[in-house]
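Chains as they are written, first to last, in the numbering used here: chain A, 90 to 380; chain B, 90 to 380; chain C, 90 to 380; chain D, 90 to 380.
Hints in this document: simulated from the structure, not taken from any laboratory. Remember, predicted model here, so these are calculated numbers, not experimental data. Please note that the accuracy of each hint is not assured.
All copies of an identical chain are treated as equivalent in the list; a pair is satisfied when it fits inside any one copy or across any two copies.
[Said to hold, decoys possible] With a Cα cut of at most 25 Å, we get these calculated SDA-like pairs of lysine to any residue: (1) 145 with 299; (2) 103 with 155; (3) 101 with 188; (4) 145 with 303; (5) 145 with 268; (6) 238 with 329; (7) 145 with 249.
Number of protein chains: 4
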Amino acid sequence: MKETKSRYEIWKQKAHIVIYGTNTPAGRWFDICILILILLSILVVMLESVEEIDRKYHDILLITEWIITILFTIEYFMRIITMKNPWKYILSFYGIIDLVAILPMYLSYFVTGTHVLATVRSLRLLRVFRIMKLMRFIGEASQLRTALKASRTKIAVFLYAVLIISVVIGSLMFVIEGEENGFTSIPRSIYWTIVTLTTVGYGDIAPQTELGQFIAVFIMILGYGIIAVPTGIVTVEYAKSRPQESDKTILQEESPKICNQCNTENYNTKARYCYHCGNPLFLPERDVREP
Amino acid sequence: MKETKSRYEIWKQKAHIVIYGTNTPAGRWFDICILILILLSILVVMLESVEEIDRKYHDILLITEWIITILFTIEYFMRIITMKNPWKYILSFYGIIDLVAILPMYLSYFVTGTHVLATVRSLRLLRVFRIMKLMRFIGEASQLRTALKASRTKIAVFLYAVLIISVVIGSLMFVIEGEENGFTSIPRSIYWTIVTLTTVGYGDIAPQTELGQFIAVFIMILGYGIIAVPTGIVTVEYAKSRPQESDKTILQEESPKICNQCNTENYNTKARYCYHCGNPLFLPERDVREP
Amino acid sequence: MKETKSRYEIWKQKAHIVIYGTNTPAGRWFDICILILILLSILVVMLESVEEIDRKYHDILLITEWIITILFTIEYFMRIITMKNPWKYILSFYGIIDLVAILPMYLSYFVTGTHVLATVRSLRLLRVFRIMKLMRFIGEASQLRTALKASRTKIAVFLYAVLIISVVIGSLMFVIEGEENGFTSIPRSIYWTIVTLTTVGYGDIAPQTELGQFIAVFIMILGYGIIAVPTGIVTVEYAKSRPQESDKTILQEESPKICNQCNTENYNTKARYCYHCGNPLFLPERDVREP
Amino acid sequence: MKETKSRYEIWKQKAHIVIYGTNTPAGRWFDICILILILLSILVVMLESVEEIDRKYHDILLITEWIITILFTIEYFMRIITMKNPWKYILSFYGIIDLVAILPMYLSYFVTGTHVLATVRSLRLLRVFRIMKLMRFIGEASQLRTALKASRTKIAVFLYAVLIISVVIGSLMFVIEGEENGFTSIPRSIYWTIVTLTTVGYGDIAPQTELGQFIAVFIMILGYGIIAVPTGIVTVEYAKSRPQESDKTILQEESPKICNQCNTENYNTKARYCYHCGNPLFLPERDVREP
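So here's chain A without its partners, still in its complex pose (with noise of 0.2 Å):
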């Protein structure tokens, strides 16, 4: 009984590892495999969006749709399996959009009219950044991260002076221009001046007096120029987030060890227990061969 037991846990440790670790051949395959079924899902949702498809192709596209959703439930329970404490998975951020991805469909086949909720399994392709990690993206992307990070206040503080510029000169536009001239009310008014302020400019609607398009010239160069506000920001925070050469270069080269209590990445390639929660580390090579 005992030595059953241990072979499931270590097929449940091999599973672990090729789930959650991108860092073996096995690993990087289930992920390549997730992220084709994630974009074919994808795709399969937007082509049943199109009518005439949807009209010829309806039974193929349903197959594929169920067929993936399956795949998505194993994946999802396996998922739940393979980690000794399965609630800091279901509770997780990747746990519930795991979750979301798959619901719609069982939902559908009950009610219908949900069918549209399935497109929320694009937020599935969040996961596919963890693919990434093979290569040198995690650097760039935790620096990107940091620097968004620092510049959040200023851009706060930014968007706070777009939006009561947007109000004022709205609300000014909405008396100028009128009714008559499509600015129906303060709110489309608003909807107008950002349009205009972010250079974005549809022509839905338009000034027509003369006054209006004065205005108008005033919001557009006032918006030509505060873009440069945001860029600055980002730009000098990007420039002092960016990290030392030779710190990077490490953190590529190593492959992490995934606890699977806690998921944690151990970078310290000497560390056999996970310095986050103690769980002792299960090292692929040596403890596969001695079981």
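Take the given structure of chain A and dock chains B, C and D to it, following the hints.
Frame of chain A, contents of chains B, C and D only:
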């Protein structure tokens, strides 16, 4: 009598800290309430401008509007009363904004048609920046302001060049495209040129002749390129204006004592008198406990 | 006779300082008057182009136009007379601009139809930059110019790439979308490509086929991304070209003595002869007092 | 026989320098001729696509086209002949481009309809960069390339995020706006989202519902903000990749000797053999004088 006056004085000082300060819990709550009121009042003004909503809920909106206006009126007089030198506040930027925020409503009671001016109160949003003083916003905002102030003359030169280009090319397009293609006057042609140069591109006016389209392409690439100029300027100035890391943390940990005579913020923790006007600073903890 | 000539010479020198210099009160007033005249004349030209205004106030506009033209003619001849070497001015950039600014009006007296050329005078605005020499503008403008000059070849390479992309994708879209969707010729397709790449997006031509929209999306993201290139170049060059703080202040405090032979600005405070042509410099205070 | 062969060899070497080199007067002239031919041929292709011009001048355009094609064919065979190892050229990027540039015309002689492919020759423009080697372009272009290469993975992460946002918001808008407002399918909604996110804003599809406009405003501000990210990345990478001033001038003053076996550029002035393949380098001055 003196006893009563002293208690009134103490009440005034306490109220001053609540209204003008942001570093006591009461002061924070006061600011949050004002912030909510501002947002609510802007929402009401917006909803009023949407015809179908106004028709249905006219009375509710009007009553809400009056309640907010009365609350803002109370706030306005509180701010005047709790200042030792009320004119200091009344004639300040925020004092005028506060007055402008309540006046239109009272005026609208006598005169119909000035109602729209109520949106001027969106300027009140500027006061919300005071709440942010709690956080590290002040360092950043002032840094941004420094960068923009330093870039001012350079950006003026840049805008100057943009205007000369717009006038020259606008006039040229008026000659090339002519009235039949929507370029009915030079101001309108200049309007189109700026719409194109800033990459807004409404499409309400678009060149039809080959030469006109060629010049349009030229303007677009020019506009696409010269956006680099303000961005470059702001980035460099911003990079230059970065405060010393050490200074910033000190600034963040300190909560200023606001003088209730001149409203100056005293960051020196040991200060008992305003460094600006010499008025004794009201030190919350001790003074409140020992009246 | 010699006495008269000498007084004429002194008058010429004084007039030269007023007209070409900016560091005497009279020189500043002269520049401000010219600036106002330029702005007024541009306003007149603009108003003339608006049909309804021209119909009503045609006579007033025409008279204003003639008065301005005569004043500019006087200024032109004053500039020629007060130079020791008039051809130096006549053949300079500003000399040609000044001539072009007055010629069209006289030509329009003889020939009808050349009237529109009057807008060429907007180029006169360029001379306004001289006023800005008063302030710290010169340092900044020249710094910007240095940055742009240094970025020149890199931006040329960038524009070169933009043009190749436009030609290739424009031709592709002509094949994909075809005449029925508004892509009537390759030049027109290229026009559309640049409209999209620079994120202007008029919407007068828009892809209708699925493949066309897919390529459009590709161009948009490309355009969105490559705007980073000129911005990066200008920012780096601008950061590099920043003048030494110490040098700048010296430059600002000095008011140059303008040589009335070669128009060179002599910044050396002790200079009595032009460093460029050796002509004795007219030193306002002393020379005027001791003729 | 040996003598003839030797003279042919010398002619080949001289031709090789003219065709592949840019640092002899003849080589420069050759490149300029090719450049003019390329521009002329693109102009012809463009004019052919404009219906009214093609109808009038069809014969002239066709003859010009054939002349250019024949000249390009001669150039193509010259390039093959003058290489010691012709396959090196034939299978290179430029070799394929050169072939593609002449093939469509010959194909169009047999098959009608492939004529449009002639625009592929605009890719030939890429070869024009070789001319620019004369000037200081090479340093700059390679610096730009270094910066872009270094930013590659970061920009990929950025585009990845843009795509996820587009898919999620596009699907959302499809649900919110629906078919009656132009959002007929998810791919079309994603197209609209990218049009808005990149601030292009055609206006062919525009949100009509209040919620749709609110989300549109959100996307615009997002797009307006995230443009800062690639700009920040490229700026920082570009700033980092700036070459040493001293190295650059050395690079510019040297004119490389191009090996006619492997086409490697030898910058070492004293080199007599190619550092890459060991082939003796043809030293123009001396070798030509002493055959």
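Hint-by-hint comparison with the structure:
Only between protomers do residue 145 and residue 299 lie at most 25 Å apart by alpha-carbon distance; the minimum there is 18 Å, versus 53 Å within a single protomer. Taking the shortest alpha-carbon separations for residue 103 and residue 155, neither the intra-copy value of 28 Å nor the inter-copy value of 67 Å comes in at or below 25 Å. In the homo-oligomer, the alpha carbons of residue 101 and residue 188 lie at most 25 Å apart inside one protomer (21 Å), although the nearest pairing across protomers, at 58 Å, exceeds that limit. Taking CA atoms no more than 25 Å apart as the test, residue 145 paired with residue 303 passes between copies only; the shortest distance there is 22 Å, against 52 Å inside one copy.
For the identical chains of this complex, residue 145 and residue 268 are inter-copy neighbours only, at 19 Å across copies versus 45 Å inside a copy, given an alpha-carbon limit of 25 Å. Proximity of residue 238 to residue 329 under the C-alpha cut-off of 25 Å is found in both arrangements, the shortest distances being 12 Å within a copy and 20 Å between copies. Taking the shortest Cα distances, residue 145 and residue 249 never come within 25 Å of each other, neither inside one copy (49 Å) nor across copies (31 Å).
Checked against the numbered hints given earlier, this structure breaks hints 2, 7; the rest are met.
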